[in-house]
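Asker: Chains as they are written, first to last, in the numbering used here: chain A, 59 to 314; chain B, 49 to 454.
What the hints contain is simulated information worked out from the structure, not anything from laboratory work. It cannot be assumed that every hint is accurate.
To be verified - In the DSBU-like style, the derived pairs of lysine-lysine whose C-alpha atoms are separated by at most 30 angstroms in a straight line are:
| # | chain 1 | residue 1 | chain 2 | residue 2 |
| --- | --- | --- | --- | --- |
| 1 | B | Lys389 | A | Lys132 |
| 2 | B | Lys122 | B | Lys75 |
| 3 | B | Lys122 | B | Lys228 |
| 4 | B | Lys389 | A | Lys243 |
| 5 | B | Lys291 | B | Lys244 |
| 6 | B | Lys228 | B | Lys291 |
| 7 | B | Lys303 | A | Lys258 |
| 8 | B | Lys291 | B | Lys303 |
| 9 | A | Lys132 | A | Lys295 |
| 10 | B | Lys75 | A | Lys295 |
| 11 | B | Lys75 | A | Lys132 |
| 12 | A | Lys258 | A | Lys243 |
| 13 | A | Lys295 | B | Lys389 |
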Amino acid sequence: MSDATTSPRSNSTPPSTGGATIRPEEAEHFGRLAREWWDPQGSSAMLHRLNPVRLGFIREAVDEHWGGDAESAKPLAGKTALDVGCGAGLLCEPLARLGAAVTGVDAAPENVAAATAHADGARLDIRYLPGELAELDLGRFDLVTCLEVIEHVADKAVLLRSLAERLVPGGLAILSTPNRTPQSKLLLVEGAEAVGMIPKGTHHWSDFVTPEELCELLREAGLEPLAMKGIGFSPMKGLHLSDDLSLNYILSAKPA
Amino acid sequence: MALSDRRDLLILGGGLVGMTLALAAAKEGFSSHVVDRADPAELTAEGFDGRASAISTASWNLFRNIGLAEGLDKHACPIATIAVTDQLKPGRIDFSPEPHEGTLGRMFANRQLRLALFEAARGEPLIAWHSQAEIVARERGEHAVSATLADGQELAGALMIAAEGRGSPTREEAGLAIAKWDYRHRAIITGLEHEKPHENVAWEIFYPAGPFALLPMLDGADGTHRSALVWTVDEADAAGTLKLSDRAFLAEVDKRMGDLFGAVTAVGPRASFPLGFHHTARITGDRLALVGDSAHGIHPIAGQGLNLGLRDVGALVEVLADGARLGLEPGDAQLLARYEKWRGLDAFMVALATDGLTRLFGIPGPAASAVRRFGMGGVQRMPLLKRWFMDEARGVSGDVPEMLRA
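Here chain A stands alone, though its shape is the one from the complex:
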């Protein structure tokens, strides 16, 4: 937790207005990218590549949490899932294929439109809703995912509380986000954005949150962290799950 005291985060982030935890300029930025979302070589190429990696973590967490069979085709059959900050549905579609009744929420209406169109083409029945989580009356879910979102959010505590409120007792939450380290600054913000692997303006390093900070915020929101893995990159293995949390990390949590 030593990082937290020296962090410029709390000073540099504008205050959240009411329930609107996504900054307007951030939502607009992703809206512009909506049409390109589903192009695996397009501006979201890194997210596409990240997808099998984070789904690997989710699958393991789901099997672990609900005692499922690691080989079953539909480990989420009969379960409801909510993806917060769903973009164009990169995560919602696999979750639907794994058997969940999926709801995706995104602040940018263009994303939701793109997601809906894509799910239609893929013949998947997914409910997509534009708007802010706190302003939507969605009920509760077995699984709540919020991946690569919290770093774009000004008031992280508010977001985490509304995630916790969407979980049924015995539910499972999955979050992922970049760590705030010199490595992530160099690679994610300065490196990957400079060479165009990640669109410029996607990340503000000072908004990143460390695993220690996030775990503390989760506990304050009434969630108990369960498992955590790093998402690392190497030229040989590409993106992969590892014990090195310095770049990006993904974790599971349950209602305390």
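Since chain A is already given, all that's left is putting chain B on it; use the hints.
Answerer: Chain B only, in chain A's frame:
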């Protein structure tokens, strides 16, 4: 198009590789269309034409894992030894594995492999087999792929797989560039009946014009001893050799075999294949994967290309099954990227392509020179040497697809 006609895989080409793929995929729960223009009855007609395949231990594991090994076992002729000689001069070099290392492979008539595959495919509800079907149009869209048949039927799937062999029209249409090395030689392939038993020895006899390979086959029903012949001749001489009368051809063969198996009593129908090497720069496209000879081929000599193709099958099915566990559909670009990385153009294949085996080895001494003379087919047939070489050249181990493991 009826919605029920959309399956996971649209496999174009239902030969040895395509049909094995459909069966292996079905084991993992994937449904498929298999489209082939050939008449299965013709492909499995009686006859001994020498068209045979060496099935490596890894390929045999795949057959076992899809339930074919039991029925095929009685048709296998194990290769106990590979003998290499220089123009039948004294000084034969034997490659014999230690007892615990298993066989050097099993020889099968392609006809027997097809019979087993076709029977299994007919009994597999996840496979829709469209034989004697001509494809008039192919389409790869954002969410699905389809093929239109000459009779107007449209077949759809999530992923198109080209398993059509070296001349793959699907690959051509997709514009996937292919690199070819033509050795200006042809392999003449036929079945031989001979007086003495082969004792499970595969012979590689080197002549200046190229290798003359004899691959052990099971005895015929009447007890005749049989081998498959793969005879490499100069492109310029191939047409003439193919046109020889049976008697004249026999005499030519006899001259090159010496007294190895006694008198050669009969030859089957002859076929020939151009000798060359080809490899595509990429083996995937949008919702498209190439397998087997569509993607890469080595010398057709001794049917080694099938082992390469079956490794593609194992890798692709494993990638798709791993993806399905994560909720990713078969056409997912990330899955195809993994298959591409696993089976695509790599240093090892490039080395082969440039005839670099000998240069790459660059090891002095008699063993290395034997390997050099042995050539590609030989190395392919030596699982231990091959494993060592592959691991060395690629710097990876443990990349054998799950389905190709014991």
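Asker: Hint by hint, note whether the structure agrees.
Answerer: Results for each hint:
no., hint, result
1, Lys389/B <-> Lys132/A, "28 angstroms, holds"
2, Lys122/B <-> Lys75/B, "23 angstroms, holds"
3, Lys122/B <-> Lys228/B, "37 angstroms, violated"
4, Lys389/B <-> Lys243/A, "29 angstroms, holds"
5, Lys291/B <-> Lys244/B, "27 angstroms, holds"
6, Lys228/B <-> Lys291/B, "27 angstroms, holds"
7, Lys303/B <-> Lys258/A, "73 angstroms, violated"
8, Lys291/B <-> Lys303/B, "18 angstroms, holds"
9, Lys132/A <-> Lys295/A, "28 angstroms, holds"
10, Lys75/B <-> Lys295/A, "28 angstroms, holds"
11, Lys75/B <-> Lys132/A, "17 angstroms, holds"
12, Lys258/A <-> Lys243/A, "13 angstroms, holds"
13, Lys295/A <-> Lys389/B, "10 angstroms, holds"
Comparing the model with each numbered hint stated earlier shows that hints 3, 7 do not hold.
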